[in-house]
Amino acid sequence: MAHELIERLEPDAHLGMLRLMLLGRRFEEKSAESYALGKIGGFCHLYIGQEAVAVGALAPLREDDYVVTAYRDHVQAIVKGIPPREVMAELYGRVDGSSGGKGGSMHMYSAEHRFLGGWGIVAGQIPLATGVGWAIRYRGGNQVCVCFMGEAAVNQGAFHESLNMAALWKLPVIYIVENNRYGMGTAWERASSLYDVSKKACAYALPSAVADGMDVLKMRATVEEAVERAREESMPTLIEARCYRFMGHSMSDPVHGVYRTKEDVEEAKQEDPIKTYIDQLKEAGLLTGDRLEEMDAEVREEVEDAAEFAENSPPPPEEDLHRDVYAEINPGGRLFLEGVGAPDPALGRAGRDPGAGGG
Amino acid sequence: MAVITYREALNQALAEELERDPDVFLMGEEVGQYDGAYKVSKGLLERFGEERIVDTPITELGFAGLGIGAAMVGLRPVIEFMTWNFAILANDQIVNNAAKLHYMTAGQFSCPIVFRGPTGAALQLSAQHSQALEASYAHFPGLKVVVPGTPADAKGLLKAAIRDDDPVIVLEGELLYALKGEVPEDEDFVIPLGVAEVKREGKDVSILTHGKMINVALQAAERLAEDEVDAEVVDLRSLRPLDLDTVIASVEKTNRAVYLEEGWGFSGIGAEIVAQVQEHAFDHLDAPLLRVHQVDVPMPYSKELEKLAKPSVDRTIEACNRVLYR
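Protein chains in written order, with the working numbering: chain A, 1 to 359; chain B, 1 to 326.
Same shape as in the complex, but just chain A (with noise of 0.2 Å):
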């Protein structure tokens, strides 16, 4: 039976959203690539297989909306509106990237674009979700953020505190666990005494949902109804997206081994999620085979833009080792911040910012 989203929704809309899902695989594969060929560095996690999470997650929000997530980003980066050109070339650690060549894989943000990270310490990053969610009734705003992680994240005491902060003081905070299954190597099985992560909204009285994170419409009217929660009646939510990681759990690490099968891939990879959308407008009558061409071959040249513009992106230029350490160093103080004003340490005091010196 069609998902009544199917209807419900315009024809563009569901375009939009298979585009993006294609962009986002696209452009994960084009980072494997280059990956493979040393031109992104350090540890890179790629989102292949859980398009439909960041995409039907995403969907429901304003763009005054925020979102928070953890080291997976680069597509849930994108989804959120930075442009695929400064996610590339911060995987390239260049300027133009959208740290500044700062952050990495992951370590994506934009204040424009309201994408808060990009953190890398399982589950540092939702209490900081939640302090979002604070800021936002703070000043009586009807925003939401929704928070990703990992469902090994939820075994951390930041989600416990999180939760029990978000549901005793009513934060408009949605929190969506990726249980794509494994934490690295661990089989959720084995590293959880109960297995619906979903019930441990009840320890805090906190609604919850599971969704099927493998089918982007599902995904979607369940985010739908959560964002309306938090909107409306500022409620959190904790949503249990079950989903799938095609690949291992950073590009150094093996797509199968002790901890599953190379069966066992490819019998998810039978479920995959852009697969089963293309399958589910095709069948609507909303896409054709020839439109779906002309959508990949648009995708893939926007992916290869994007890697051309990292390429040609020079690195940071070396003045921006010191900056940035600080927002704002104290007019009237006399500082020793070591690089602030002294790009050369070896210059030892003389290297000070004499500008600095109140003194």
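The calculated DMTMM-like cross-link candidates involving lysine to aspartate or glutamate, where the alpha carbons are at most 20 Å apart (straight line), are:
hint, chain 1, residue 1, chain 2, residue 2
1, A, K39, A, D305
2, A, K30, A, D296
3, A, K218, A, E228
4, A, K170, B, E50
5, A, K30, A, E311
6, A, K282, A, E4
7, A, K170, B, E29
8, A, K218, A, D12
9, A, K170, B, E51
10, A, K170, B, D55
11, B, K203, B, E226
12, B, K203, B, E252
Note that these hints are calculated values from the structure, not bench results.
Given the coordinates of chain A, work out where chain B should sit on it, guided by the hints.
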């Protein structure tokens, strides 16, 4: 100038900044109904309401992180830890998030937040409740760290910290809350972060110190004066940013120095200052720098052992005499 306690000075600073800026709020354990575990926030709930004076569950990591998130989108939280010992639970948020976010976001986001509370030993609270933790926070670029030792410094530095756009760690002295001193009443009285103060002028030896220990240093200086030794006492006040100019000027004047601190010596603030002084004023030194600090053990409970573990006036005098070769 009014003579008030260190506790009242902090209370005034909070009240004035809450009044001045509606984005400022105070959050922590027992800060509201209970008026604060050490009564620093006395009367603030009644005056500013529960939206701005917020009692939290015992959830240090949670509310520290909540504050950082709120700061990222423009509020100016003051997060009170009942003591800094409990803040160790929140270190992931302070160290991995607050200290890094301005840099990692290439300046797109700032973190104008204050983390404050008492630090250091009181009396017989034993190992888990007696730690002076400033050296561990001063280690991290991205944090600012201040350690006020007088009521006036407490007010001026806390106000500056609240107005600052970076995360500021304010370590108050648990035994200082009842200390009285003159405090300016001007509502724009702030002490810029990164400005040390010579608390006592002298020419023979510099006692460099910060926080609660300035009182120990001043007592040591008085006793040394009876022995015709003229000691200078320099209070760093801020550890990050560090006012090295004032430190170096003092050493260049006296040519001899002792660093006195409440915390442990190993990787302590004194260790850093010794390194800085030898880098920048080696030729002015007539003796190696010495350090006075807590002995290298967790704080014992027994009154007698605790006394032995803590830095003291006697040990400070002894160190001064050694650098004077007396």
